[in-house]
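Protein chains: 2
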Amino acid sequence: RSRPLPLRDATVGQGFWGDEQELVRTQVLPFQWCALNDNVPGAAPSYCMHNFRAAAAQNRRRTAARSQGDRFVPPVYTDRGFNVLPDDPERPDPDRFYGFVFQDTDFSKWIEAVGYSLAHHPDAELEARADAAIDIVCAAQQENGYLDTYYILNGMDRHFTNLKDHHELYCMGHLIEGAVAYYEGTGKTRLLHAAQGFADYVASVFGTEPGRLRGYPGHEIAEMALVRLYEVTNERRYLDLAAYFVDERGRAPLYFEVEDRTRAKREGATYVPNDNQPMPYAYYQAHEPVVDQREAVGHAVRAGYLYSGVADVARLTENERLADTVRALWRNIVDRKLYVTGGVGATAFGEAYSYDYDLPNDLAYSETCAAIALVFFARRMLELEPKSEYADVMELALYNTVLAGMAMDGKSFFYVNPLEVRTEAVRSHDARFLHIKDVRQKWFGCACCPPNLARLVESVQEYAYTLADDGGTLFTHLYIDGMAVVHVLSKDEDDEDVALRLEVESGLPWNGHVRAVVHVDEGDGGADDYGDGHDGKISVPFIFAFRLPAWAGDQIEVAACTTVPAEAQGRVNRRVRDGYLYLAGTWRDGDVFEFDFPMPVMMLEANLRVSEDAGKVAFVRGPVVYCAEECDNGSRLHCLHVDAARVGERAENVTVEPFDFKAGAEALDGKGTGGVEPVSRCMVRLRVPAWRDEVRDAKPLYSRWHPPVRRRVEAVLIPYFAWANRGENEMRVFLDIS
Amino acid sequence: RSRPLPLRDATVGQGFWGDEQELVRTQVLPFQWCALNDNVPGAAPSYCMHNFRAAAAQNRRRTAARSQGDRFVPPVYTDRGFNVLPDDPERPDPDRFYGFVFQDTDFSKWIEAVGYSLAHHPDAELEARADAAIDIVCAAQQENGYLDTYYILNGMDRHFTNLKDHHELYCMGHLIEGAVAYYEGTGKTRLLHAAQGFADYVASVFGTEPGRLRGYPGHEIAEMALVRLYEVTNERRYLDLAAYFVDERGRAPLYFEVEDRTRAKREGATYVPNDNQPMPYAYYQAHEPVVDQREAVGHAVRAGYLYSGVADVARLTENERLADTVRALWRNIVDRKLYVTGGVGATAFGEAYSYDYDLPNDLAYSETCAAIALVFFARRMLELEPKSEYADVMELALYNTVLAGMAMDGKSFFYVNPLEVRTEAVRSHDARFLHIKDVRQKWFGCACCPPNLARLVESVQEYAYTLADDGGTLFTHLYIDGMAVVHVLSKDEDDEDVALRLEVESGLPWNGHVRAVVHVDEGDGGADDYGDGHDGKISVPFIFAFRLPAWAGDQIEVAACTTVPAEAQGRVNRRVRDGYLYLAGTWRDGDVFEFDFPMPVMMLEANLRVSEDAGKVAFVRGPVVYCAEECDNGSRLHCLHVDAARVGERAENVTVEPFDFKAGAEALDGKGTGGVEPVSRCMVRLRVPAWRDEVRDAKPLYSRWHPPVRRRVEAVLIPYFAWANRGENEMRVFLDIS
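Residue numbers (the working numbering), protein chains in the order written: chain A, 8 to 745; chain B, 8 to 745.
Any given hint might turn out to be false.
[Stated by the list, open to error] The calculated lysine to aspartate or glutamate pairs, modelled on DMTMM-like cross-linking and capped at a C-alpha distance of 25 Å, are:
1. B/Lys669 <-> B/Glu721
2. B/Lys678 <-> A/Asp282
3. B/Lys706 <-> A/Glu619
4. A/Lys678 <-> B/Asp282
5. B/Lys706 <-> A/Asp342
6. B/Lys706 <-> A/Asp585
7. A/Lys394 <-> A/Asp342
8. B/Lys272 <-> A/Asp95
9. B/Lys706 <-> A/Glu396
10. A/Lys706 <-> B/Glu656
11. A/Lys272 <-> B/Asp95
12. A/Lys706 <-> B/Glu392
13. A/Lys706 <-> B/Asp342
14. A/Lys706 <-> B/Asp363
15. B/Lys706 <-> A/Glu564
16. B/Lys272 <-> A/Asp94
17. B/Lys394 <-> B/Asp585
18. A/Lys706 <-> B/Glu396
19. B/Lys706 <-> A/Asp331
20. A/Lys706 <-> B/Glu619
21. A/Lys394 <-> A/Glu564
22. B/Lys394 <-> B/Glu238
23. B/Lys706 <-> A/Asp363
24. A/Lys706 <-> B/Asp650
25. B/Lys394 <-> B/Glu510
26. B/Lys678 <-> B/Asp416
27. B/Lys706 <-> A/Glu656
28. A/Lys706 <-> B/Asp331
29. A/Lys706 <-> B/Glu302
30. B/Lys706 <-> A/Asp561
31. A/Lys706 <-> B/Asp561
32. B/Lys544 <-> B/Glu574
33. B/Lys706 <-> A/Asp650
34. A/Lys706 <-> B/Glu564
35. A/Lys272 <-> B/Asp94
36. A/Lys706 <-> B/Asp585
[Said to hold, decoys possible] FRET-style restraints, in silico, Cβ to Cβ:
37. B/Thr430 <-> A/Met286: 12 to 22 Å
38. B/Glu664 <-> A/Arg719: 36 to 46 Å
39. B/Pro81 <-> A/Pro260: 46 to 56 Å
These are calculated hints, taken from the structure and not from any lab test.
It should be emphasised that the depicted structure is a prediction, and the values quoted were computed from it without experimental measurement.
Yeah, the Cβ is synthetic: ideal placement off N, Cα and C, and Gly gets one too.
Let's have the full structure, built from the sequences with the hints guiding it.
Written out as structure tokens, the structure is:
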């Protein structure tokens, strides 16, 4: 079992991920700040900080009334809508709640990303802005610790009466995530204490003890957030609360149904049963006890967050049954419900996992947030047990569906990531395609994906490494330019500890050359017990475990592409297990690892059970999935056929071509939709032998079949994450073969 | 220009269509009667006759009140719902309206089918039952002629205030269609006069004259119904009203918008603009003036009914601009929006025509009623100008999508006719597939398709022949066992007319052998001017025009497969024009036509613009489209690949095999869903050389492409209309080629 490195102990250097983080830091975070303060011209207001201010003002009035001996009258429950907007958008009432029920999380996601950013990029102005925002948020907190402005402003008499749909525990979860990150990034505890206060209140309300509510989150995240809070505070009660939420979920009598009936009775309304199909509560993963769940179902973001929390609880409570649950859910996803792009959640209906092997390309939902949730889940599986398969999927999701969520200028976003887009379908406005966009959208009122992407990108180093619980093994899961620091405890209590720094230079995702150097940083005192004396350098016993990426080929062969001089010197031994190359021995400053991972072009086919992909192939090289865009290949991409036999014959028949990708597109409307600023970036494209059907204009709708008339062409494939950066056009990941 | 034969002058004999009519007469009509009287156990009540009875009772109360000098208080507008059901289904209020706003049409469609049936199958009991129902309906009519029970029972103060959605003129249209058919079938005028009364009232309310409403139907049908009323009564005002409806539709200011605004104002409600996409009023074909329309859009049944009415008006008013309109709409449908099965209306969203070349197989809507509407449209195009293309499409829709609408036992129905069904998709309950069923459904509360199918099947002979306006040419469009009678006017006023009877024996749809015999029936008096004396037989000058089906091949070659002894005798000359073989000359009793239409198996491909059909073929033989079902070919039909090259090489590589199709399936639930009684029928199946991919269970979701492992199989294809008669299973029309 292992854990990510503390936030400050892993850093991203220059290179691919440095660029991504820079984009988020310089573009997304400032924009996000404006958005949650309703300062984006032309965009729907968030009302996020407005709501916190309103709640804070209410607290001030309560305090003032009390100090004067007056009775404070809290508001009645006024707004019950899922998304409430002011009657006059020009003049929102300063005392009322607006926006979605979960609008508080806009702040929490922003502060989380800010926390990550500040850990490595000190920025006094940003930190001051964040502290001021935290002051407002904390001022909104109730005396009992409760902190969700929807109910604070609409009447606390109804709080915790609609866990199923009103996201209170989801807001708590995000608040915890943000608070922990900000604490880790800055060392400041104000927000962390506020989050603890909320969690403590929740812990006093929910549970199996008599008199408590046996509820759990309608939208999961609290489970993994509470585990994180436990790991940073070491307060067991947070882990217990997380374990309770996991354990209680889906048990009979079903809490969500009980809650709906109780609320209906209280309000004198008719109870309306949930009618989600095929199982009413599968949308919430509450259709059966979690421990019994074996199929990934329902809303894919909810599911991914739950499974992450379950893996956390399984690891920390050493619950093998829960561990089996997440292994089974993982298998179901990876064997039957995963897009080749690392996306999940195939159906727009409920933004949900569809049935086994149902992976439509043109109607895919594959939400950016769902891929992010899969990254969360994968890392937690790695923490549970280091198997490279988890990291392979994590990397796939990260480089493809997650990154596809953001334009190359960092200013527009995809919520939905189809594997095939036809412009005419998007333009048809047919309901089938309403969720499909062929250009990225500007910030939304319901801004889930952009800030979620921001917090993940800003913390990507937390996914690159984990350290075994015994402190003796560092796992490298992702090869990212940067640095990981491990503090190795001295065996002798009197001695200073030493730090091992692993400095990584990575060619990924464009080539498989990775070089890592070990630095041994001694403490101020001696480190005698490590010394071997003869050259003055100390030797530190440690195990480095490096993932052998599945895309590089067979594990044993890939391991053989690694050069470790320390091994030749007899200080280190190697072993391959579960997709990791374990290098155990004693390490000296300057030791080097050279990896030369093969990065062949892989032409993949889907399992035959996936009817949508029958007769099609997709191209992958390293962690990057490729696609064909209209601007490189002309329209009607269904007329483009890969010469599979020729590709299969010799790898050299596909040309791998580094190039300078030039993004940039005119906006399609006055709101700037589809506009991308001219930016360029080095990447790699593929030239694949192919044919193109000749469209004969005179042909009727149906005619006698004739062998197709085709001309040889080269299909030009670009990285999937870079699509839709050059204007509105068709795209396909899976291409027909002939 | 030509017209169908009077109802009694065309008959269906034994054989294919005789069987279909028998099924409708013995199964559907009695069931339908029970349905509209709410006597079907387990089925949602129609409330159709209930509503007419309630309205009749109201009239009686009014009359009684008046006779006693009392003031009758009409009801206020109580129910505004589109589908109103009683609070207690056990005790519906006898004075209130229930069901859909258009529920009156359940009666109208039934009486129409009954009218057709009685014309050829006298049935005193059925006729008495129909007359009694007509009495109730007529008793419901208002003094001014108005006859829609929804407003009669909910308050006449609001009638004609929501033409867009409330179907009053649609109800009138169906009433006219039913009344005309019943009059033609029985000679009885009571219902016809009621329908005329309604039409006269409507004619007094709508129009361009000052003070009139410039409205038109929200759901079309009145246009073609009024034309029919004109043709049976010769009252020009009905044609004028139809022409007005066509002319006014879609003109600015848009009536539907004006109406919505007016109603909102009157009711103190907020005006909510129509938000159908991409054009708000395209759903109703009211987005632009009809004469300017060039693309088939919106609700496909509405569209088909409108285009039929436009073709009627164009023909009767000799309006070339409108004729060009329907020609252009026809071209758009046939060249870009027609399924190979003759279905139209590709998208479930609005049950509508989708964009050009968007013809999804698994998500098709292709409503049975839309195919029926296309049959109506096609025959009216034939009336406008005899071109075989219209009849080809009419025949295609009739034999495939229309007939697929009904199970072989006549007891369950498809509303939606996809070209590909995967059972797992249907069972998933995913919203994408909610409209897709893999077994036919029992009668619905909103019973549009089954009775529509009944009225079309019972009148199919009206689509087989048309007679030129000059009375001198009989067009045979469909080759159906049966008889057509033409009354040839004597040139000499003193002489009796003679009747030419064409007696047809047809092998269709299973083979192309058709034999037709001419009978000359002299009147009681002499017919001297026809006589040629030398053998005592009279000779009648006349032109027979026979369609040369496109499925038989090139017109000239197909024409050559026709033997006409009278031609050899020098009495007759032939000419081929627009897909018809015109045989002009003088005819004698006993003259024979022998057709030997080639009926090759056609392996069709779709135009390359249809992305859904890329790399696929469909099989058609004669007018029948074939499909593969799981029960003949195993599951995972996407793994079945036609050996297109081998089929293309030699026609004999496909086996054409007559066989006895045995229908029969157990019901899937207590309501009988999916149950089909064991019935059998002779038909033809195809055995096609094919391959099957071997599914290897151990394969991961994605793996390196390998040339497929396949085994040779024979794909067994059955007629599309016969699918889903042997239990729940997969089906495909378009099959992959390899």
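Hints versus structure:
1. B/Lys669 <-> B/Glu721: 20 Å, holds
2. B/Lys678 <-> A/Asp282: 21 Å, holds
3. B/Lys706 <-> A/Glu619: Distance of about 17 Å is within 25 Å: holds.
4. A/Lys678 <-> B/Asp282: 21 Å, holds
5. B/Lys706 <-> A/Asp342: 9 Å, holds
6. B/Lys706 <-> A/Asp585: 19 Å, holds
7. A/Lys394 <-> A/Asp342: Measuring from Cα to Cα gives roughly 16 Å; hence the hint holds.
8. B/Lys272 <-> A/Asp95: Distance of about 22 Å is within 25 Å: holds.
9. B/Lys706 <-> A/Glu396: 16 Å, holds
10. A/Lys706 <-> B/Glu656: Distance ~21 Å between A/Lys706 and B/Glu656 Cα, so the pair holds.
11. A/Lys272 <-> B/Asp95: This hinted pair holds, its Cα atoms lying about 22 Å apart.
12. A/Lys706 <-> B/Glu392: With Cα atoms ~24 Å apart, A/Lys706 and B/Glu392 stay inside 25 Å; holds.
13. A/Lys706 <-> B/Asp342: Answer holds: A/Lys706 to B/Asp342 is near 9 Å, not above 25 Å.
14. A/Lys706 <-> B/Asp363: OK: A/Lys706 and B/Asp363 at ~15 Å, within 25 Å.
15. B/Lys706 <-> A/Glu564: With Cα atoms ~22 Å apart, B/Lys706 and A/Glu564 stay inside 25 Å; holds.
16. B/Lys272 <-> A/Asp94: 21 Å, holds
17. B/Lys394 <-> B/Asp585: 5 Å, holds
18. A/Lys706 <-> B/Glu396: 16 Å, holds
19. B/Lys706 <-> A/Asp331: 22 Å, holds
20. A/Lys706 <-> B/Glu619: This hinted pair holds, its Cα atoms lying about 17 Å apart.
21. A/Lys394 <-> A/Glu564: 17 Å, holds
22. B/Lys394 <-> B/Glu238: Distance ~23 Å between B/Lys394 and B/Glu238 Cα, so the pair holds.
23. B/Lys706 <-> A/Asp363: Satisfied, since the Cα-Cα distance of roughly 15 Å is no more than 25 Å.
24. A/Lys706 <-> B/Asp650: 23 Å, holds
25. B/Lys394 <-> B/Glu510: 23 Å, holds
26. B/Lys678 <-> B/Asp416: Between B/Lys678 and B/Asp416 the Cα gap is close to 16 Å, so the pair holds against 25 Å.
27. B/Lys706 <-> A/Glu656: 21 Å, holds
28. A/Lys706 <-> B/Asp331: Judged against 25 Å, a Cα distance of about 22 Å means the pair holds.
29. A/Lys706 <-> B/Glu302: Between A/Lys706 and B/Glu302 the Cα gap is close to 19 Å, so the pair holds against 25 Å.
30. B/Lys706 <-> A/Asp561: 16 Å, holds
31. A/Lys706 <-> B/Asp561: Roughly 16 Å between the alpha carbons, so the hint for A/Lys706 and B/Asp561 holds.
32. B/Lys544 <-> B/Glu574: 17 Å, holds
33. B/Lys706 <-> A/Asp650: The hint holds at about 23 Å.
34. A/Lys706 <-> B/Glu564: Since the Cα atoms of A/Lys706 and B/Glu564 sit roughly 22 Å apart, the hinted pair holds (cutoff 25 Å).
35. A/Lys272 <-> B/Asp94: Distance of about 21 Å is within 25 Å: holds.
36. A/Lys706 <-> B/Asp585: Given pair A/Lys706, B/Asp585 holds - Cα atoms ~20 Å apart, limit 25 Å.
37. B/Thr430 <-> A/Met286: 12 to 22 Å: About 18 Å separates the Cβ atoms of B/Thr430 and A/Met286, which means 12 to 22 Å holds.
38. B/Glu664 <-> A/Arg719: 36 to 46 Å: This hint holds: roughly 41 Å between Cβ atoms.
39. B/Pro81 <-> A/Pro260: 46 to 56 Å: 52 Å, holds
This entry satisfies every hint, going by the numbered hints stated previously.
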